[in-house]
Amino acid sequence: MSLLDPEVWQAVEAILFVAEEPVAAPELALVLELPVADVETLMEELARSYEEQGRGFVLRRAAGGYRLASHPDAAPYLERFVSEHKAPRMTQAALETLAVVAYRQPVSRAQIAEIRGVSPDSVLRTLVTRGLVAEVGRDPGPGNAILYGTTVAFMERLGLMSLADLPPLAGFMPTTAEVERMESGLGPGI
Amino acid sequence: MSLLDPEVWQAVEAILFVAEEPVAAPELALVLELPVADVETLMEELARSYEEQGRGFVLRRAAGGYRLASHPDAAPYLERFVSEHKAPRMTQAALETLAVVAYRQPVSRAQIAEIRGVSPDSVLRTLVTRGLVAEVGRDPGPGNAILYGTTVAFMERLGLMSLADLPPLAGFMPTTAEVERMESGLGPGI
Amino acid sequence: MSFAVHLSVFEGPLDLLLQLVSKDRVDVADVTIATITEDFLRAVDALDTIDLDGASSFLVLAATLLELKSVKLLPHEEADPETAALLEERDRLLQRLVEYATFKAASEALSQVLDANEGYFTRAGGVPEELRPALPDLLEGVTLERFWKVAAKVFAPRVAQPVDTSFIAPMRVSVAEMVEVLAEELRRRRFTSFRDLCGESASRADVVVRFLALLELFRQQCVQVEQPGPFDGITVRWRQPRLGAERRGDPEEPR
Numbered sequence: 011m012s013l014l015d016p017e018v019w020q021a022v023e024a025i026l027f028v029a030e031e032p033v034a035a036p037e038l039a040l041v042l043e044l045p046v047a048d049v050e051t052l053m054e055e056l057a058r059s060y061e062e063q064g065r066g067f068v069l070r071r072a073a074g075g076y077r078l079a080s081h082p083d084a085a086p087y088l089e090r091f092v093s094e095h096k097a098p099r100m101t102q103a104a105l106e107t108l109a110v111v112a113y114r115q116p117v118s119r120a121q122i123a124e125i126r127g128v129s130p131d132s133v134l135r136t137l138v139t140r141g142l143v144a145e146v147g148r149d150p151g152p153g154n155a156i157l158y159g160t161t162v163a164f165m166e167r168l169g170l171m172s173l174a175d176l177p178p179l180a181g182f183m184p185t186t187a188e189v190e191r192m193e194s195g196l197g198p199g200i
Numbered sequence: 011m012s013l014l015d016p017e018v019w020q021a022v023e024a025i026l027f028v029a030e031e032p033v034a035a036p037e038l039a040l041v042l043e044l045p046v047a048d049v050e051t052l053m054e055e056l057a058r059s060y061e062e063q064g065r066g067f068v069l070r071r072a073a074g075g076y077r078l079a080s081h082p083d084a085a086p087y088l089e090r091f092v093s094e095h096k097a098p099r100m101t102q103a104a105l106e107t108l109a110v111v112a113y114r115q116p117v118s119r120a121q122i123a124e125i126r127g128v129s130p131d132s133v134l135r136t137l138v139t140r141g142l143v144a145e146v147g148r149d150p151g152p153g154n155a156i157l158y159g160t161t162v163a164f165m166e167r168l169g170l171m172s173l174a175d176l177p178p179l180a181g182f183m184p185t186t187a188e189v190e191r192m193e194s195g196l197g198p199g200i
Numbered sequence: 052m053s054f055a056v057h058l059s060v061f062e063g064p065l066d067l068l069l070q071l072v073s074k075d076r077v078d079v080a081d082v083t084i085a086t087i088t089e090d091f092l093r094a095v096d097a098l099d100t101i102d103l104d105g106a107s108s109f110l111v112l113a114a115t116l117l118e119l120k121s122v123k124l125l126p127h128e129e130a131d132p133e134t135a136a137l138l139e140e141r142d143r144l145l146q147r148l149v150e151y152a153t154f155k156a157a158s159e160a161l162s163q164v165l166d167a168n169e170g171y172f173t174r175a176g177g178v179p180e181e182l183r184p185a186l187p188d189l190l191e192g193v194t195l196e197r198f199w200k201v202a203a204k205v206f207a208p209r210v211a212q213p214v215d216t217s218f219i220a221p222m223r224v225s226v227a228e229m230v231e232v233l234a235e236e237l238r239r240r241r242f243t244s245f246r247d248l249c250g251e252s253a254s255r256a257d258v259v260v261r262f263l264a265l266l267e268l269f270r271q272q273c274v275q276v277e278q279p280g281p282f283d284g285i286t287v288r289w290r291q292p293r294l295g296a297e298r299r300g301d302p303e304e305p306r
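Protein chains in written order, with our numbering: chain A, 11 to 200; chain B, 11 to 200; chain C, 52 to 306.
Among the hints, a few may not be true.
To be verified - One side only, chain C facing chain A, incomplete, derived with CB under 8 Å: (1) Ala-175; (2) Pro-179; (3) Leu-189.
Derived from the structure by calculation, the hints contain no laboratory data.
Quick reminder that beta carbons are idealized off the backbone N, C-alpha and C, glycines included.
Generate coordinates for the entire structure from the input sequences, incorporating the hints supplied.
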């Protein structure tokens, strides 16, 4: 391909658009079948054109390559967007997963899946992005599974001084019926 | 703000760039302080300008809102950058399970098994991992079965504005002749 | 009659049955529960599986088909409550088949829509790091008490769901027991008909058990079975087991 080919521009923009991590120039060169020097020229031109056209994003050089990022000038709108965005309420699945992590930490995905009967992948990602759950280590056993635990932000949010302040489950394991009675307000509070 | 203000274009592009899901017109209207009708005009113009400029992305309408997506022409270049792309074609079992979830949601594993005559466990896991299906709640009855439904990503993937855009299920019923043949196969008038 | 059936265990028994009953046959009159059942059993036999759940779902349906088929072998009265129950069973199966066919057709349509919308990839999205604090509180409205209740519910032992056994008819004699009874009788009589083996007074459930027992003996190569055509009587001949041909579990052969 050649730098003059509009397909190159479209392709490279699409790649930068979907890539979740910075893309290195040699990698782009390989996919686009262009010399690395041409790719670097292309990136400079692209970055300049974005700035000239007043686009909502910029092309940045980051560690290891190029990536798109939202334009800093748009930050006030983004802030309003994220704060007014229909509050993605905690789903039941997320709350249950959080409970498993809180009471069984450090815990692996597989262990969460076993307790809840379903894979926690996407839910766990949300909890991690929102800073309530974090990776806390690796299982020393085979597979070296990532282990998860709750964060300081989680404790602050629930008003806990330490994890020891979590109301105990062990020793008193209520039946489902008891929990339901409590939820309907007939049972004793904590 | 006004439609003529270049800041509006930059802001809306930045919002669409960071959004994790389709953004509804009223939501954009709120953030941009524009009438909804103006937002709709803006979106049309934006979509057209992307197409005219041969950009690497397009503006799509799906799941009740607007979302940026890579241009389909660039798909061959994206293979190595998108993990989703590496997923093999969906199997018949996955497609059937997806259809049952789409039309019968919220639905439990047992209900899916009843319709398909086979346990949906592994197939459901695939659909959940692909983000097309998610837990949407629990059956209040005994057993507290997890209930599944389709996701926003499902609507995006199918280019649907809402679930009401799914073709009516009645249109897929076998014809009278086909039912008669099935009946004779099972032994009429035993 | 033979034709290739495309099948994997994940497509399920209803899919197999649907393929069999929807298959174009030269002579429509030839489409009977007998041929369908035989085709079904042959396909199940060829099914290469170590998936017990999958395999058992095929066997449950095979048992239903066998039950429907077995009725064909016997005289019956319309008013017989067991015949009525079987007719209901057949209607239920037909209903499931129609429902399954509907969803299968819908899945084919979905597949086309998916193909037509191929090639659009979206960003994972996500706001820049510095804007994260502006994100709304995910735990809004969640008190420690509510959190504890959710945890208690998650860790509470699950109520076991009862296994659905409604499709299993009550049987007075197990098939295993009946295998021994029939083997004993056949050793004595050497050659007889299935109708004689059942006797006049046998209930429908007994007939089904005897039929399954006969199939088991056939599988163990203890009997030769002959049926000139569908609906004809079945003749049964006891075979002298070849020397050394006995396997463990075979009925004992008198010396």
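For a quick check of understanding: which of the numbered hints are violated here, in increasing order?
Nothing - there is no hint that the structure violates, so all of them hold.
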